Structures are given as structure tokens and as C-alpha cells.
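Asker: These are the residues of each chain, in order.
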Amino acid sequence: MEIPRHWRLRQQRYALVGEVCPHCEEKIFPPRDVCPYCGNEAKTQFTFSGRGTVFSFTTLTEAPAGFEQTAPYTVALVKLEEGPVVTAQLTDLGDRPVEIGMPVEMVTRKIRAEDEERGVIIYGYKFRPVLTETQ
Amino acid sequence: MTEISPQPAFAPLKPDRPVGIIGYGAYVPQYRLPASEVARIWKGGRAATPIKEKAVAGLDEDVATMAIEAARNALKRAGIPGDHLRAVWVGSESHPYAVKPTSTLVAEAIGAVPHVQAADWEFACKAGTEALVASMGLVGSGMARYAMAIGADTAQGRPGDELEFTAASGAAAYIVGPAEEALAVIEASFSYVTDTPDFWRRPEQKFPMHGQRFTGEPAYFKHIIAAAQHLMKATGMTAQDFRYAVFHQPNTKFPQRVAGMLGFTPEQIKPGLLSPVIGNTYAAAALIGLAATLDVAQPDDRILVVSFGSGAGSDAFILHVTEAITQRQNRAPTTQTYIARRVEIDYGTYVRFRGKLAS
Chain A
946 MEIPRHWRLR QQRYALVGEV CPHCEEKIFP PRDVCPYCGN EAKTQFTFSG
996 RGTVFSFTTL TEAPAGFEQT APYTVALVKL EEGPVVTAQL TDLGDRPVEI
1046 GMPVEMVTRK IRAEDEERGV IIYGYKFRPV LTETQ
Chain B
216 MTEISPQPAF APLKPDRPVG IIGYGAYVPQ YRLPASEVAR IWKGGRAATP
266 IKEKAVAGLD EDVATMAIEA ARNALKRAGI PGDHLRAVWV GSESHPYAVK
316 PTSTLVAEAI GAVPHVQAAD WEFACKAGTE ALVASMGLVG SGMARYAMAI
366 GADTAQGRPG DELEFTAASG AAAYIVGPAE EALAVIEASF SYVTDTPDFW
416 RRPEQKFPMH GQRFTGEPAY FKHIIAAAQH LMKATGMTAQ DFRYAVFHQP
466 NTKFPQRVAG MLGFTPEQIK PGLLSPVIGN TYAAAALIGL AATLDVAQPD
516 DRILVVSFGS GAGSDAFILH VTEAITQRQN RAPTTQTYIA RRVEIDYGTY
566 VRFRGKLAS
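Going down the list, the protein sequences come from chains A and B. Position in the first sequence (from 1) plus 945 gives the number in the numbering used here. Position in the second sequence (from 1) plus 215 gives the number in the numbering used here.
Check before you lean on any hint, since a few could be wrong.
[Claimed, not checked] A few chain A residues that face chain B, going by a derived Cβ cut-off under 8 Å, partial list only:
| hint | residue |
| --- | --- |
| 1 | Phe974 |
| 2 | Gln1014 |
| 3 | Thr1036 |
| 4 | Val1052 |
| 5 | Lys1055 |
| 6 | Leu1076 |
In case anyone wonders, no lab produced these hints; they're calculated from the structure. Bear in mind the structure is a predicted one, so any value in this text is a computation, not a measurement. We put the beta carbon where it would ideally sit given N, CA and C, even for glycine.
Put together the whole structure using the sequences plus the hints.
Answerer: Dropping the structure here:
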């Protein structure tokens, strides 16, 4: 059981809440309280827009323990429009092929359950192809 | 002794301080199960299907994730941050946990915590509109400036049951606030409730039971008609006073028939009649229909909304659209944008997605 860890990370996991450095103004994700760019203290919360592009990706058919129920799935490095690169699953792909540079947006989804029937359900960010507006 | 003044019978619900909808948002998952697939597996391919197809939640979706996306869309339209909300209420009959609120998870994800009311509501398909009435009270009393009511479901149907054709997934969120900020003022509301066992699910059962034909006349039609007629009579309105009407939609026929019985034309229910293409989204059904209607509504339009929840009851609302609608409609994806995003699945994929495989 890793309940305390999941609980501690809930804001960044549910809503991409990171930090902005008050000194160099770089956006930081995941939050680490020290700016990786200028080395100064950075504790100001910043909620990312959730928009980004696929930097690289791979599809997993042999999923690690805890993720078997949703295999196969695609994991990507997503470059957020504010700068940082995050690792996350892509979702709602349907039959659409994934391409490097593809615009994606953050959604909050089920990541896995600690135990399928009885455990706590872990939610967090994934990315999907940007919705196409119809009028 | 304090004198207790009796409340006038059949008075519509109207808060002291006028309230309205300041933001709304819908969510429909992308997967579609054609009703012909259910007929293929269970009826030898020969069955009159109650809808064309239904929306199905993906493997990583549930009531919480769908409610979060609908809530984010509502916040975008309202143009307020999550921490301005004083209530986040989620109505559903498919909450991910039996014990542990969906609402705290949604409130956390949209940044509404910690100074907020949060609770899950249950009243079959009208849990979301019941939360909407409560939001009117919270805002109308002045206790809160903004309150959010959500209806969301990943509806269950026993394999092979009639419900499997229609039981669908979706969510809709509404932010109630002061009338002067509203995109649609809620002029009045009225509820009609009786103890009617048309549909139920006992604890720890995966699938609901229903009273077959008993679900129609004494349940759906009686409660919707009573709530709508009382509200229209009390406010001196007739079907002709409304541009649009939205009714709970368990299939295609029921909302069409109830609209006709109340004097509404097919054109009036057209934008909000989504059950043929997304199915019955239960607690979200009337509210997603309303979202699609608000997407096309214009200032000064009046909209009648009537939900129905088994067990049984209906909440009716009269909405009067304001000038503010035009700037807010396109601040978030429209309901039709979600409906247009369509990935067809077969029965096998559906069974996997909905956890119906016996292991």
C-alpha cells in the first residue's frame, strides 16, 4: 500500500499543479521547491494549461505489474507548452496513429487500482489528441 | 407561541435571491456501441432497437473522471476559478466507491478544496437535478455565491437485459450563481415524488432490476407530466412559451411521447434529444440534453427541463436565457463536439470495457 505517496502527489497528478520560479520565471514540473534552471528556491504554485505535443512515444503490450488491465497502451514524453517534458499515458487514441509533434491535451483519468476490487483507485494525468470543435 | 404560516400548496420553488446558471459543461466518452451489436449477440440480430447507439466509457474512465471534465468545462464557461465554488455535488448511481465521495475527488481536481461543501447524491436518474435544486437553495439563500451540481453515470445493464441496449456513460456540470451573472436565469423549479418501485439495485449487486412495463405509465410519464404541468400552471405558461424543452431520455420514444402529451413539438425537443446517438446517460441524461440545448440557445429563449429518476420522481425547471449566453457558449467544447468524436466498438470490446468478463 502506497496511500501516503499517492495522497501527497494528488494535486500534481489530478491537475498538473507544478511551480513557477519567482527568480527566473521558468515553469517547473514536477514541483521540487528548488528551481532546476537557476538553483534558487521556487515554491510558488503554478497550474499548467495541459496543452502540449508528443515528443516521443512507445506502445506497451507487456505491461508492468498493476497496469495489465489496460494493456496495450501508449506512453509518451509530452512537451508541455510551458516548457517541461512529462511522461504520461496517451488515451482516447482509437484507431488514430500517434505521431511525434501531435498536439495533445491533459485529461484526468484512472491510472490503476491498488487492488482491482478492493483497493484505492489511483487517478492522474494522461494526454489525448486535442478535441476537434464542431459547431 | 410562534404562529406557523402554512406554505401555499403547489408553490413552485423560487429562492428569495434570484439565481441562474453561470456556467455549464458536458462530457460524453468517445466509444459507441451500436444497439445492433446487442441485438446480434442476444436477439439473433432481429430486434427493434430502442436507440441507434450508446456512449461507453473507456477503461480509464469512470464517474469521477467524466465529472471532472464536465466540471472543468463548466468553470471555463463561467470564467471563475474552482476555489470560488462553495459546493461540489455529484449525483450518480455509479459512483466509483460505495464509501468515499466522488465529490471530494472532483473538488480536488478542479481546485475547489478545502472550503467547500462536497457530497454525493443518489436518486437514480435524477440525482444530478436534485443537486441542482439544492444549489439553487444554497445560492438563493445567500449562503454561497456559486455552487456546482453534476450528474454523471456509467450506467449498468445486465448482459442480455433490455437495459443493455441503452445504459450509457456521460456527465454534465452546472454552476449556479446570482441571476445577474447568469447565462440562463432559473425562473422556477418544481418537484414531484412518490414511492414507486419501477427500477432498483440492491447493495452489492452489479446490475439493476426493473419492473418491465411498469417503468412507463406509472413511473416515467406520471412523474414528468405532473412536475411539468404543475410548474407551467403555477407560472402561467404553456408549451408555446418555450423555445426548447428537454426531458429525461431512457430511449428515443419516451421523451418524444411525453413531449407530445405536454403540447411540445418535435422541433422544441430536437437539440436536446440525444438518446438516439448516446443512449441513456442516467443522472446525466436530462442535463447533457440541456447542455446541448444551451449550446444553440439565444438570448430570451425559454427552456423547460424535466428530469426523471426511478423510485420515483421528477424535477422541472424553467430557464430564461440571457444575453450572456453568446460569449460563453464557445468557451468550452460543445456537446456536439463530444458526440462527433466517435469510435465504434463491438460487443466483445464493450464487455471488456465495462468489466463484464467473468474471470
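Asker: Which constraints among the numbered hints does this structure fail? Numbers only, ascending.
Answerer: Failing hint: just 1.
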